[in-house]
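Line order of the protein sequences matches chains F and A.
Using the numbering used here, the final residue of the first sequence is 245, and nothing's skipped along the way.
Using the numbering used here, the final residue of the second sequence is 195, and nothing's skipped along the way.
Hints in this document: simulated from the structure, not taken from any laboratory.
Owing to the predicted nature of the structure, the values given are computational and were not obtained by experimental measurement.
Check before you lean on any hint, since a few could be wrong.
[Stated by the list, open to error] Derived contacts from chain F toward chain A, CB cut-off under 8 Å, selection only: (1) T105; (2) W106; (3) L107; (4) V124; (5) V168; (6) A169; (7) W210; (8) T211.
[Unchecked claim] Below, a list of computed lysine to aspartate or glutamate pairs in the EDC-like style, where the Cα atoms sit at most 20 Å apart: (9) F:K215 to F:E198; (10) A:K114 to A:E88; (11) A:K114 to F:D102; (12) F:K215 to F:D145; (13) A:K114 to F:E108; (14) F:K215 to F:D196; (15) A:K114 to A:D91; (16) A:K114 to A:D92; (17) F:K215 to F:D197; (18) F:K215 to A:E65; (19) F:K215 to F:D163; (20) F:K215 to A:E66.
Here a beta-carbon is modelled for each residue, glycine too, at the ideal position from N, C-alpha and C.
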Amino acid sequence: MAVLDARTWLEHLPPDECWRLLRLSTVGRLAVTIDGDPTIWPLNIAVDDHTVVFRTAPGTKLATLDRTPRVALEVDGLDFDEARGWSVVVAGTVRPLTDDELSSARCLPLAPWTVGEKPRWFGVHVSAISGRSIGDRAASTSGTSAPR
Amino acid sequence: MTAPTLVHDRPMLEELDLATCWALLACVPIGRIAVVEASDDVLVFPVTIAVDDHTIRFRTAAKLARRLAGRRVSFEADWIDAGSRTGWSVLGHGTATVAIGPPGTQPQPWPRGRSRVLVTLRPDSVTGRNLRPAPFVRDNRGYL
Numbered sequence: 098m099a100v101l102d103a104r105t106w107l108e109h110l111p112p113d114e115c116w117r118l119l120r121l122s123t124v125g126r127l128a129v130t131i132d133g134d135p136t137i138w139p140l141n142i143a144v145d146d147h148t149v150v151f152r153t154a155p156g157t158k159l160a161t162l163d164r165t166p167r168v169a170l171e172v173d174g175l176d177f178d179e180a181r182g183w184s185v186v187v188a189g190t191v192r193p194l195t196d197d198e199l200s201s202a203r204c205l206p207l208a209p210w211t212v213g214e215k216p217r218w219f220g221v222h223v224s225a226i227s228g229r230s231i232g233d234r235a236a237s238t239s240g241t242s243a244p245r
Numbered sequence: 052m053t054a055p056t057l058v059h060d061r062p063m064l065e066e067l068d069l070a071t072c073w074a075l076l077a078c079v080p081i082g083r084i085a086v087v088e089a090s091d092d093v094l095v096f097p098v099t100i101a102v103d104d105h106t107i108r109f110r111t112a113a114k115l116a117r118r119l120a121g122r123r124v125s126f127e128a129d130w131i132d133a134g135s136r137t138g139w140s141v142l143g144h145g146t147a148t149v150a151i152g153p154p155g156t157q158p159q160p161w162p163r164g165r166s167r168v169l170v171t172l173r174p175d176s177v178t179g180r181n182l183r184p185a186p187f188v189r190d191n192r193g194y195l
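Isolated chain F, as found in the complex:
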């Protein structure tokens, strides 16, 4: 049962609804730490069981995630015109998928959007999930933002 905050009119979403919305999302924003500073990467995601899976090419991202595996990830579905929508935030730890996880994850809809291979598969192992919505979110559950 979602809880409505009487002061802000924000609805605090229960975990199962957060997971449902996360599973609908194809794009997430991964917040990570590089040399003590935060940075945010938008990337394609898919959820396998309770792990958020993404792919990347070898390079800076990879080196960073090895050193500072604690991350946060945000997804949302927003209707800019009506000022309504939802957001879900998870906290977790990133690590490369194991062979077992990889064989399962290969069935996920995670073909790279852009030119270039992304051979490295990672999973965000979720330690906390929370979500909020404002207004009627029925019209904004596609997992993508709409242009104003």
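With chain F's structure known, arrange chain A on it following the hints.
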């Protein structure tokens, strides 16, 4: 010798110049803020933004503002259309400045509530990427 036929079935990423980044930021009302906490945990949350004079402003509750004051923060905004796989994203970094904003200070957050603190971010770096549709390239193989 004939050149090989190039077939791109996926979009390409291109870097955006600074002026384009700021112009795009002015087109969206929402961005995301990330901060590293003393515990080394990373926090990320969406905010309603106002962009003016190479400055990003947003309002938030005092409790959250205290965790941002004087800290290095990262800012991200995007518009991504999953259907056509096109869109853009802009990323900024800077130090957050926190002040008590007079009532009615823009931007007006979507949530209600009056105890809101104005957070100002003048990024020292802004970069952006454009996700362009795949160019049409003739494929001579004759099959899909």
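A quick look at each hint next to the structure:
1. Of the supplied interface hints, the one on T105 of chain F holds, with its beta-carbon coming within about 4 Å of a beta-carbon of chain A, less than 8 Å.
2. Hint status for W106 of chain F relative to chain A: holds, with the closest Cβ pair at about 5 Å, below 8 Å.
3. Interface hint status for L107 of chain F: upheld, as the beta-carbon distance to the closest one in chain A is roughly 5 Å, under 8 Å.
4. Interface restraint check: V124 of chain F against chain A, minimum CB-CB distance 5 Å, threshold 8 Å, status holds.
5. Satisfaction of the interface hint for V168 of chain F is found here, the shortest Cβ-Cβ separation to chain A being roughly 6 Å, below the 8 Å cut-off.
6. Nearest Cβ of chain A to the Cβ of A169 of chain F: about 4 Å, under the 8 Å cut. The hint holds.
7. The beta carbon of W210 of chain F comes within 5 Å of a beta carbon in chain A, closer than 8 Å, and the hint placing it at the interface holds.
8. With its C-beta approaching chain A no nearer than about 5 Å, T211 of chain F sits inside the 8 Å limit, and its interface hint holds.
9. This hinted pair checks out: K215 of chain F and E198 of chain F have alpha carbons roughly 17 Å apart, not beyond 20 Å.
10. Of the pairs offered as hints, the one joining K114 of chain A and E88 of chain A holds, with about 13 Å between alpha carbons and a cut-off of 20 Å not exceeded.
11. Restraint check for K114 of chain A and D102 of chain F: satisfied, since their Cα atoms lie roughly 16 Å apart, inside the 20 Å limit.
12. With a C-alpha separation of about 18 Å, the suggested pair K215 of chain F and D145 of chain F falls inside the 20 Å cut-off, and the hint holds.
13. Distance check on the hinted pair: K114 of chain A and E108 of chain F sit about 18 Å apart at the alpha-carbon level, within 20 Å; holds.
14. For a cut-off of 20 Å, the pair hint linking K215 of chain F to D196 of chain F stands: about 16 Å separates their Cα positions.
15. At roughly 18 Å between alpha-carbon atoms, K114 of chain A and D91 of chain A fall within 20 Å of each other, so this suggested pair holds.
16. Between the alpha carbons of K114 of chain A and D92 of chain A the distance comes to roughly 17 Å, so the proposed pair stays at or under 20 Å and holds.
17. For the suggested pair K215 of chain F and D197 of chain F, the alpha carbons sit about 19 Å apart, so the restraint of at most 20 Å is met.
18. Annotation: proposed proximity of K215 of chain F to E65 of chain A holds, straight-line Cα distance about 17 Å (limit 20 Å).
19. A C-alpha spacing of about 17 Å is found between K215 of chain F and D163 of chain F, which places the hinted pair at or below 20 Å, so the restraint holds.
20. Restraint check for K215 of chain F and E66 of chain A: the C-alpha separation of about 19 Å stays at or below 20 Å, so the hint holds.
Checked against the numbered hints above, the structure breaks none of them.
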